[in-house]
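Colleague: Please model the complete structure; the sequences and the hints are all you need to start from.
Protein chains in written order, with our numbering: chain A, 941 to 1177; chain B, 941 to 1177.
The reader is advised that the hints may include incorrect statements.
Since the list gives no way to pick one copy over another, a pair counts as held whenever it fits inside one copy or between any two copies.
[Claimed, not checked] Quick list of in silico lysine-lysine cross-link-like pairs, DSS-like style, CA-CA up to 25 Å:
id : residue 1 : residue 2
1  : Lys1086   : Lys1112
2  : Lys1088   : Lys1154
3  : Lys958    : Lys1086
4  : Lys1112   : Lys1150
5  : Lys1086   : Lys1032
6  : Lys1032   : Lys999
7  : Lys958    : Lys1088
8  : Lys1171   : Lys1150
9  : Lys1088   : Lys985
10 : Lys1171   : Lys1112
11 : Lys1072   : Lys1055
12 : Lys1150   : Lys1088
13 : Lys1072   : Lys999
14 : Lys1030   : Lys1055
15 : Lys1112   : Lys1055
16 : Lys1032   : Lys1088
17 : Lys958    : Lys1072
18 : Lys1000   : Lys985
19 : Lys1088   : Lys999
Quick caveat, the hints were computed from the structure, so don't treat them as lab data.
There are 2 protein chains.
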Amino acid sequence: MNTVDVCISPQLYPVYHKDSSIVVVIDILRATSAMCTAFEHGAAKIIPVAAIEEAAEYKKQGFLVGAERNGIAIEGFDFGNSPFSYMTEKIKGQTIVISTTNGTQAIHAARNAYKLVIGAFTNITALCNWLKLQDRNVLLLCSGWKNKFNLEDTLFAGAAAGILMEDHSLFKSGDGALAASFLYESAQDNPYKYLRNSSHTERLAELGLKKDIKYCFSLDQTAVIPVLEGKYLVPLS
Amino acid sequence: MNTVDVCISPQLYPVYHKDSSIVVVIDILRATSAMCTAFEHGAAKIIPVAAIEEAAEYKKQGFLVGAERNGIAIEGFDFGNSPFSYMTEKIKGQTIVISTTNGTQAIHAARNAYKLVIGAFTNITALCNWLKLQDRNVLLLCSGWKNKFNLEDTLFAGAAAGILMEDHSLFKSGDGALAASFLYESAQDNPYKYLRNSSHTERLAELGLKKDIKYCFSLDQTAVIPVLEGKYLVPLS
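Modeller: Now the structure itself:
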């Protein structure tokens, strides 16, 4: 039977890597949520880059570029990390570049996975329906915060793991998936109880980004599943 | 204010390390539970070693040695990893050597911490009372399973974090501590619901070790707090 498990930090990815696994990269606040939004609003491709210098290089070449560190958009680029900044006509049909604090680092860590897809609450149902059909091990890879555990990515991982484990014949769960799904189960009636004390939520709320947080926790805004092909993320067809 | 946080794998320890932190090493099934038992039954010192070869070297030198891999005691040594094997007169006043799959690896990872102590459900109240008096950051370091997340160590970390956070003036919690405490809170009425599907519990149950599991989840069997001094664990005086 295939397994579903959760890895809470890009730094632990090598411990969880299996050649045959589909890896779901998760950065709820806000990289992977923003990526789903960008595709929903017509972006053709996204180039995820880890280093700011690389993002600046693309900017010089004329690409539309989003870049953010520690929750703050970097001056001189076209977008920050807010999903709302990608709800614009100007990305339609474009290849855009995104560099973020944690999300693109996780993509970089797992770039050689059998298949790498992007997960967010905003595409959770489409994503899980697709995963159920693949007959593959699934690893839910949380971007975390500078390689530490974070709460929001694990809550999403728990939500997704819970959906995948609903049908007991499909997946056996690792301890990480089990714990994350218990966590989500006890959080789902009142996620704000869980999140109000979390480090990154606090950080974003201080930056005036409560609207972003609310959006990033809203389910099923899109049916798009971004998938990594070479250096590009593209909508799974 | 001091912080309390949880690190779920020895491999992530460098990300969480602070020069000023007290590190609590946790390997509930069964290394740190067994270590507490050994001191409660009169052991003078414990030398934790990571490699089997090193354990064998000590055995040759005449030490009493416990060694275990993957839940099974290794032939030719004096103890395995069962706390019950340390409930014996012969360890009284002795320096014993313990090598285990995960616990001693975690001790090795954090050996240069400001202070390293040993935590288990069996010494939880004494441990937390002492931690509250230290005015230090506390890092609860789970040994995990071969550097992966495991459920039982995180449940203990959540129990301890919950006790430390009871008085809000003492500790600010990291996301890991927050999640672990939520997990323990929702598990405490029925820990077996949580554990019955966990990988290591399953592994030990298959090996006929349900009695060990029950003991390792029993609270406050001892008031001893093992602390690392050089290469030795000794009872904190």
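Colleague: Indicate, hint by hint, whether the structure satisfies it.
Modeller: We went through each hint and held it up to the structure:
1. Lys1086 to Lys1112: between (29 Å within a copy, 19 Å between copies)
2. Lys1088 to Lys1154: within (23 Å within a copy, 31 Å between copies)
3. Lys958 to Lys1086: both (23 Å within a copy, 15 Å between copies)
4. Lys1112 to Lys1150: Cα proximity of lysine 1112 and lysine 1150: across copies only (22 Å, versus 36 Å in one copy).
5. Lys1086 to Lys1032: So lysine 1086 and lysine 1032 fail the 25 Å test inside a copy (32 Å) and across (46 Å) alike.
6. Lys1032 to Lys999: within (17 Å within a copy, 70 Å between copies)
7. Lys958 to Lys1088: The answer is both: 22 Å in one copy and 13 Å across copies each meet 25 Å.
8. Lys1171 to Lys1150: neither (32 Å within a copy, 50 Å between copies)
9. Lys1088 to Lys985: neither (29 Å within a copy, 34 Å between copies)
10. Lys1171 to Lys1112: Classified as neither; 31 Å inside a copy, 40 Å across copies.
11. Lys1072 to Lys1055: Answer is within; shortest intra-copy Cα gap is 14 Å, inter-copy 47 Å.
12. Lys1150 to Lys1088: Within. Shortest intra-copy distance 22 Å satisfies the 25 Å Cα cut-off; inter-copy 33 Å does not.
13. Lys1072 to Lys999: Classified as neither; 38 Å inside a copy, 51 Å across copies.
14. Lys1030 to Lys1055: neither (29 Å within a copy, 56 Å between copies)
15. Lys1112 to Lys1055: Answer is within; shortest intra-copy Cα gap is 20 Å, inter-copy 39 Å.
16. Lys1032 to Lys1088: Cα proximity of lysine 1032 and lysine 1088: none, with 35 Å in one copy and 41 Å across.
17. Lys958 to Lys1072: within (18 Å within a copy, 42 Å between copies)
18. Lys1000 to Lys985: Answer is within: at 18 Å inside a copy they meet the 25 Å cutoff, but 63 Å across does not.
19. Lys1088 to Lys999: Classified as neither: same-chain Cα gap 30 Å, cross-chain 39 Å, threshold 25 Å.
Taken one by one, the earlier hints fail for this structure at numbers 5, 8, 9, 10, 13, 14, 16 and 19, listed in ascending order.
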